[in-house]
Amino acid sequence: MSTSPEHGLPCGRDSLSVWENARNDTHDQHEATCPYCQGVYEQFRILAIASDPYLAQAITAPTSLIATVMRTVLTELRPGRPLPIPSDAGPAFITDTALAAALRAALDTDPAVITHRCRIDTVDVPETARSAPNTPTQQPTPLAVQLSVAVSYEHYTRHGESVVRTRVIDTGRNLFAQQIDTVDIEIIDVFSTEVNR
Amino acid sequence: MNAVDIGSPTATRRVLTDLGEAVLVARARDGDPRCFEVLLRRHQQSLYALAVRLLDDRIEAQDAVQDAFILAWRKLPAFRGEAKFSTWLYRIVTNQCLSRLRRGRQQQPLPEREKQHLVAPEDLSPQAYVEHAALAAALSAAVAALPDDLRLAWLLREAEHRSYEEVAAITGTRVSTIRGRIARARARLADSLAEWR
Chain A
1 MSTSPEHGLP
11 CGRDSLSVWE
21 NARNDTHDQH
31 EATCPYCQGV
41 YEQFRILAIA
51 SDPYLAQAIT
61 APTSLIATVM
71 RTVLTELRPG
81 RPLPIPSDAG
91 PAFITDTALA
101 AALRAALDTD
111 PAVITHRCRI
121 DTVDVPETAR
131 SAPNTPTQQP
141 TPLAVQLSVA
151 VSYEHYTRHG
161 ESVVRTRVID
171 TGRNLFAQQI
181 DTVDIEIIDV
191 FSTEVNR
Chain B
1 MNAVDIGSPT
11 ATRRVLTDLG
21 EAVLVARARD
31 GDPRCFEVLL
41 RRHQQSLYAL
51 AVRLLDDRIE
61 AQDAVQDAFI
71 LAWRKLPAFR
81 GEAKFSTWLY
91 RIVTNQCLSR
101 LRRGRQQQPL
111 PEREKQHLVA
121 PEDLSPQAYV
131 EHAALAAALS
141 AAVAALPDDL
151 RLAWLLREAE
161 HRSYEEVAAI
171 TGTRVSTIRG
181 RIARARARLA
191 DSLAEWR
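Heads up: the protein sequence lines correspond to chains A and B, in order.
Take 1 as the starting number for the first sequence in my numbering and just add one per residue.
Take 1 as the starting number for the second sequence in my numbering and just add one per residue.
Think of the hints as simulated: they come from the structure by calculation, not from any bench.
There may be inaccurate statements among the hints.
Below, a sample of chain A positions facing chain B; criterion: calculated Cβ distance under 8 Å [what the hints assert, rightly or not]: (1) 31; (2) 34; (3) 75; (4) 77; (5) 78; (6) 100.
Ideal placement from N, C-alpha and C gives every residue a C-beta, glycine not left out.
Next comes chain A alone, as it looks inside the complex (with noise of 0.2 Å):
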């Protein structure tokens, strides 16, 4: 009998759909008894049997991919701005990417709050109030700083931003003495706490 199995078979099937039904073991009563949808089975029959083996063949990645992988990308990290950090001893920087993380890293400690984006940038001020640049008591860089968050739907309050926000200017500022003016925050998710635990 031919099936291609390009074309729908004279049943008014597609041979495509009766393979899949075959493998799924969903074949209704019609595709049990059609001839044509059997001379599908029949053609493709040996193809299941000989599918199960080979695509249960162990095929395990080496232990040296990801290090491997790991050790360029640890290379070519984006270095990100530097951000003056005040200093008697000299010029201290640390980068936005750092910084970022150091806030990530603070609000992951709250189970209620996940991070997911954050992003800091400059904010402007006047020429008259900046200090020379690389001096040792450079002033730090008014911040402002945007996240984006899924939050718990227990447990979110109406104040949560308030302490989501403080614990951002804080951690900037007692960590690396950054000057965090702003903390926007965007509230892209909800989850619930309690499937987590």
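We have chain A; now place chain B onto it with these hints.
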């Protein structure tokens, strides 16, 4: 305040491997290499196995997957989430594999010993086990002989259990085209196994 209310930090920081894919992707886009590594570890096994079956060469497959992962890191800032991250990553890996195939590098066939890592049902008799192994080897050879586009479509559907829509998204083709390729691949594989009927 409840112990998990927003603003009630715990002593334990959230474990990265517990984070959902969307969070990890967002943080990796911000330049966090640890989150990128977690993402890679989640997908490396299936992508490596796909590359081995596509290229029929473990060393070539490792190189292809490593190159693809590094390329993914470089392209990640441009990832906008139009497709699922896994679909996006599959596309990069399969493009790397197809590119290597097109370059016509001399392929080193899998040693026979490597091809025989068969996972057979425990209740198989020795004779049945040998038959299973021989059938799997025959299918392996038939798969390797398929044209690249047919082999890729068939493997994504049968080995990776991707929907027709996902296979189309990964390969950048229409669903109708993918259905035709998979049907043709099945027909060719069934023909090549005819002697086993």
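Results of checking the hints against the structure:
no. : hint : verdict
1   : 31   : violated (16 Å)
2   : 34   : violated (18 Å)
3   : 75   : violated (10 Å)
4   : 77   : holds (6 Å)
5   : 78   : holds (5 Å)
6   : 100  : holds (6 Å)
Hints 1, 2 and 3 from the list above are not met by this structure, while the remaining hints are.
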